[in-house]
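**Q** Chain by chain, the residues:
Number of protein chains: 4
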Amino acid sequence: MSQEKIITRGPEFFPNIPRINYEGSDSKNPLSFKWYNPVQKVGGKTMKEHLRFAISYWHTMQGEGRDIFGNPTVVRPWNTASDAKQRAADTANAAFEFFTKIDAGYYCFHDADVIEEAGNLRESNERIDFIVGILEELQTETGIKLLWNTTNLFSNPRFMAGAATNPDASVVAYAAAKVKKMLEVGSKLGAENYVFWGGREGYETLMNTDMQRELDHMAKFLFGAVDYAKKIGFDAQFLIEPKAMEPSKHQYDHDAATCLNFLREYGLMDYFKLNIEANHATLAGHSFEHELTVASNAGMLGSVDSNRGDVLLGWDTDQFAIEFYDTARAMIVILNQGGLGSGGLNFDAKLRRGSTDLEDLFIAHIGSMDAFAVGLLVAEKYLARHKEILANRYNSFDSGIGEQFESDNIDFEAFENHALNNPEPVTISGKQELLENEFNGILNDVMKAA
Amino acid sequence: MSQEKIITRGPEFFPNIPRINYEGSDSKNPLSFKWYNPVQKVGGKTMKEHLRFAISYWHTMQGEGRDIFGNPTVVRPWNTASDAKQRAADTANAAFEFFTKIDAGYYCFHDADVIEEAGNLRESNERIDFIVGILEELQTETGIKLLWNTTNLFSNPRFMAGAATNPDASVVAYAAAKVKKMLEVGSKLGAENYVFWGGREGYETLMNTDMQRELDHMAKFLFGAVDYAKKIGFDAQFLIEPKAMEPSKHQYDHDAATCLNFLREYGLMDYFKLNIEANHATLAGHSFEHELTVASNAGMLGSVDSNRGDVLLGWDTDQFAIEFYDTARAMIVILNQGGLGSGGLNFDAKLRRGSTDLEDLFIAHIGSMDAFAVGLLVAEKYLARHKEILANRYNSFDSGIGEQFESDNIDFEAFENHALNNPEPVTISGKQELLENEFNGILNDVMKAA
Amino acid sequence: MSQEKIITRGPEFFPNIPRINYEGSDSKNPLSFKWYNPVQKVGGKTMKEHLRFAISYWHTMQGEGRDIFGNPTVVRPWNTASDAKQRAADTANAAFEFFTKIDAGYYCFHDADVIEEAGNLRESNERIDFIVGILEELQTETGIKLLWNTTNLFSNPRFMAGAATNPDASVVAYAAAKVKKMLEVGSKLGAENYVFWGGREGYETLMNTDMQRELDHMAKFLFGAVDYAKKIGFDAQFLIEPKAMEPSKHQYDHDAATCLNFLREYGLMDYFKLNIEANHATLAGHSFEHELTVASNAGMLGSVDSNRGDVLLGWDTDQFAIEFYDTARAMIVILNQGGLGSGGLNFDAKLRRGSTDLEDLFIAHIGSMDAFAVGLLVAEKYLARHKEILANRYNSFDSGIGEQFESDNIDFEAFENHALNNPEPVTISGKQELLENEFNGILNDVMKAA
Amino acid sequence: MSQEKIITRGPEFFPNIPRINYEGSDSKNPLSFKWYNPVQKVGGKTMKEHLRFAISYWHTMQGEGRDIFGNPTVVRPWNTASDAKQRAADTANAAFEFFTKIDAGYYCFHDADVIEEAGNLRESNERIDFIVGILEELQTETGIKLLWNTTNLFSNPRFMAGAATNPDASVVAYAAAKVKKMLEVGSKLGAENYVFWGGREGYETLMNTDMQRELDHMAKFLFGAVDYAKKIGFDAQFLIEPKAMEPSKHQYDHDAATCLNFLREYGLMDYFKLNIEANHATLAGHSFEHELTVASNAGMLGSVDSNRGDVLLGWDTDQFAIEFYDTARAMIVILNQGGLGSGGLNFDAKLRRGSTDLEDLFIAHIGSMDAFAVGLLVAEKYLARHKEILANRYNSFDSGIGEQFESDNIDFEAFENHALNNPEPVTISGKQELLENEFNGILNDVMKAA
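Chains as they are written, first to last, in the working numbering: chain A, 1 to 450; chain B, 1 to 450; chain C, 1 to 450; chain D, 1 to 450.
Treat each hint with caution, since some may be false.
Because identical chains cannot be distinguished in the list, a pair is counted as satisfied if it fits within a single copy or across any two copies.
[Stated by the list, open to error] Heads up, simulated DSSO-like pairs for lysine-lysine below, C-alpha to C-alpha not over 30 Å straight-line:
{"hint": "1", "residue 1": "Lys28", "residue 2": "Lys231"}
{"hint": "2", "residue 1": "Lys28", "residue 2": "Lys387"}
{"hint": "3", "residue 1": "Lys45", "residue 2": "Lys381"}
{"hint": "4", "residue 1": "Lys381", "residue 2": "Lys188"}
Everything labelled a hint here was simulated from the structure, so no lab data went into it.
Use the sequences and the hints to build the structure in full.
**A** Right, here's the structure in full:
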């Protein structure tokens, strides 16, 4: 049982939705958890401590079912006031009602999610101060924490050609001002991380783009953010979120390896980690676990945007992850590195445009929270076996020429000598199909035990 | 318990592999079925009757781990004799040993799989007669049946620019001769279906291709096959297998809808059904269940190549289907149309190139047969609920203007009248996330009951 | 020289842009045609008669630089009035100023482009009547014609689950009412074609979709449109526009072959042709010329949406076609079928979001009109050679067994006889690289002569 | 006129093909250059010096038209001897006859291309010594140079699970021995570069792969190669060739950025550059010029595999680059960095499988050499304009807050101050369509002048 209390200021926005409870895997109640039991211990930590779920303010509170060919399909009751501040306050109340009812410990937002931008920077900042006051109060009342905040540097037309990488210096300055404000907000609200997603840091055509100069600017901009955070004592983990394309034709933070290359080139490795999103992985042509592994191997897996994409479509569908194979593969990498530290699983996922009932918001989150709970349980059982498999497969490096290879410099002459004076190497089965079958066996064990 | 006997003529080729038995879902024996219980009844039929598994001669017996950048990784013991006929006989013996040990009821082959083509057509045909005699005997001894046979019209360079669609009439004649022979073989071996896969029926460039003339030729060729089969009393179901590309840049049988369009255009709908392959679906940008549904809706789903592709890769990976979501979605369509009739589930799947142990052949088939068994169990539970969902969602067509729409011709004036005199339609949630959660619930029920 | 007069009612909206004239290929004036010379004869017709360019009202007049992550980047001067009718009138004036200055003979629109939908159907229809009166007057004054109109059945949330294929009969009725109105509008404005693009006719998930029932509805709806058009004497060519996905996950009009299959199944072939779009072709995994060829071979290529997509991106980028190879390959198919009849080349293309100058609208159209002019010139030279190539390549069907194959039914026994008694067929080079080189040679000849 | 002499030892293999000469762009002789004039000066260097064409031994001499579904379509006359050494010698003679007749200055090979591997390493090495003696002689006689050599670490089954990254240490040793031999060969033949392409350095499934350990091994292996080359005084430029996938499901050298990240991580930046291939770029979801630019910006663009892929297909089609837009975009990046230094344009391109005439080898190379000649001419004209465009677009960084941004550390407070006290930035058109039109104008100028 968790101790946040339901927000009651103003009217309830989800009056027909009770707090969601764990009822076990055989429950047929759509408004209950089947596998996600916040207090259940898995390897020494509770599920809630492992999974650190965060709700995305933009999709869950501000998503309105718009797509590139269609107008909004839902008008949320918290989004109807004509006054921007009232709308923002109502939305915050609704948000914390949702957070507590779904029993998420964390949330995430862009500045533009929590209150509409005003006509000029000064007034926008004042609006932000207004809503941040309310959010702070709601956090205190409920115990819900801010996993991360970020700055929207992509919606406003001023950023159409980039923010930190804009060819116009005055836009770069504007972007810096907006990031500065959000660093202050993050600090005030105790954000555990701060995210940079560069949806407009990229290009439409190389014909009008000086890529090298833009990347130099991007690095400089990030150093500026690091410095300013230090100055104000904001010690959140900074995160970069890779995405290959969309909205830009090419985005500089293409995938995990590209981001790492950039961070290494400019000496930024100590100040950043990565926020890996499932759907962004597939847009880059990678599996989710590939991107998680690349980041994790470099010690740079900071947090996760836990959604899924439709691999047959070429845009970000931001669906809720629901298949046990997907969530298990992700949790294996996360568990293998001992968890996400200050990071968490942020649902960067939205309802399908046709899911227009208010309760669909709960149903979608429940399904994905359950799927990650199953994924966690599978991962926990799988990891020991996985380590054994790898230890066996690479054991030729534990002695002889293999050990020599790993410990010394490789000496091509000695290696040639070895090859000339030993029989042809024999092929050793990789046993992929066996491992796939074993995975199903572990899923069986988990499902039966749940 | 099934009654085929193990083939013992000549040496055993899998001496260390016992007949594979069902041991239940908690068995940890990799050489046992966990969910596939041939005699278990599901909705009035046994699992074996539902699933009608067939083994692909080309992958399972002739697959050698070649890829476009690599030489074979395995040399099978049945493939070592220097004489083509001896090699073919050994392979047939090994094949039937495999079929019976894995307890598949069916197998499938191309002419080129069962015996190597000779230097000329006459001699090739003699070779085929030789091996067909042996296959017939083995079928009789074991009770294993031929799900389908087909003609390889793509490997030999004579077919590089097509078989039925080759710009050289003498190649078309040659292709006809080869198909003629295989129709006779199918007839002799009691094949239940005969498959056309047109890997070279397509083009590399439109610059040198008269697409219309080639399609006219293809239709004429198929009519020829229909006529000849009738003449020799071979009454197998003819099947066309869609594939979008590979080896050709564009293949005429691109996907299910394209095949249907072709069959309709030329008046061939009565003589053919479709053989739908999972990996070919994804190469065409479709989900497997989409292609199955398109074929099934047209009454044209005849048989299935039950593999899976890697959706992040652009070629046919022909992996064994192993994930329960995939197999369940396929089985839903199949069960919904009352089964595959004379068709079956042919494993057009091959070991990963690095899976070089002989036992891997068994392990891979076991895993996929188990996955389809789970898929069948899920499908059976899911279908009743599915029909209820659809009945509810479309119930506005059961009365009023909807019923009128379905029963009469649509009258735009009456409909405008209705629209002008009724309130704006309200949006109705499609409940996609709820349905996805329910699917996991059904998987839970199936896993627990198994 | 063409005789339409510049519209001067109200203020000019492009006061700094003169009428665009042909200045020849060496002109460096960005506001001139380099290759498109409306009056130049190519094979008996003028370029203007061949190309029948049409301007897309939605992109050119209503495009505001919105994308899925970004707000509008431009506010057009004709789009600022607060009153919907005034805004529509201003836009119409600006549109015809643009059409005449760019010297396009045609335009195209959806109902929602020419005037904003009102709160209910009756009022929306009244608004349409208002703007159609103005459009009619402008057409008369300028001689600009309506290539096609269409109904927007995808933006309004009422259509989120389809229009003709909506599970709610009242939405189907609403869609019928809207199409009815636009058929009347097409009739009044003398539209030469009427287009159906079913962006919402498809599905998000098969879990809640009865595909067969929806397709039955779609067919019935189209018959309704055919009947009503006949009733009011509107004899425009009806067109279906294939698109694979976006906005829907799967769209029923996936590609040309899928549309043809649908039209054949329901007996609609006599009433419809296809409107093929370049970008939709690549989204379906096809080349533009492939889709054009499929439609043309079936006698069903009615009109063309002449844009281009970024083949490395998975969404509709709707870029202006600018590369000579692309435009030439399209014009080859069009010229080969003797032109588009009542169809034309509609620029379903939009400015890049960052191209915010008013003059960019002209520059983009000029570039693409020039590119199609070059394409036309190349196509004209290429076709004779192309026919010769094909005649040679397939000449084995002009005598002997080939001729027999084309004229009679194919007799597999006779063909086997031929194959047994003739030498192995020899491979004949397809000469693809030679043909590609020749294409560059033709481009050279055209560029030099221009 | 170039001074290499035609090889006449043994029979001519291309007796009907003369030396290919430049005849000007209006020539209709398919066996002549239309634009590639080796001695023509472009900006101070001859075309031959700029383009440094190299012929790929594997495709041009050893390509036999095999694909994954088909057997060879050609048997080359130099490949018929039963003795491996005789076959190798004949092939070398044919190769140098081809190189001199096509007037390429360079060639490239893998060990396995120049002579078939023997049954054991010692004998394989002896074979290599034999053929290298002949190649050395042929180089001396003709003046043709070795652009680069490399080691085939992917075809033999021993490498099925990797070479440097194989889980079996004895395979790593074997790979080292093979690379050692080829470094010696490179040294002996004066290779100007040495290439590493890691087709098997990657994984099929993460289930059996320790990615981090494998990458550590890869780095160590490369250091070994660097050390050994130094030891034997082989000072060629080392190159890594990115490829995303195929044959492996995932390859560690995914794209340029991934390779750079790897080289930076392990401290290998000083010893390697990149060999960028067009088709590998598109397989990774990038444009060719993107990958060239990423490499070039890092000072790491060493050489180029100048082919093209079919962007609608998901495998390496290795087609000859023929379209002027593609070759121009590549040459712009190359010219912008002042050429490729010791690198060159290697035709990693093969005939279409159906192009079976011997002359097709010449025709394909001629077409692509011509296309690169046009590309060079366009690039030369384009670059000055391009620099002007970029200088203008970014000129806000040449003074004021922009200059401060580039010269100092960014101070977020100062930047906020600037943003607060200046008007909202205005959007500035990126003029993409204008630049695209200008590109066509430059192509016009080049075509007319040629």
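**Q** For each hint, tell me whether it holds in the structure or not.
**A** Going through the hints against the structure:
1. In the homo-oligomer, the alpha carbons of Lys28 and Lys231 never lie at most 30 Å apart, since the shortest distance is 53 Å inside one protomer and 54 Å across protomers.
2. Taking the shortest alpha-carbon separations for Lys28 and Lys387, only the inter-copy value of 19 Å comes in at or below 30 Å, while the best intra-copy value is 37 Å.
3. In this homomeric assembly, Lys45 and Lys381 come within 30 Å of each other (Cα to Cα) only inside a single copy, at 15 Å, whereas the closest approach across copies is 36 Å.
4. In this homomeric assembly, Lys381 and Lys188 never come within 30 Å of each other (Cα to Cα): the closest approach is 40 Å inside a single copy and 52 Å across copies.
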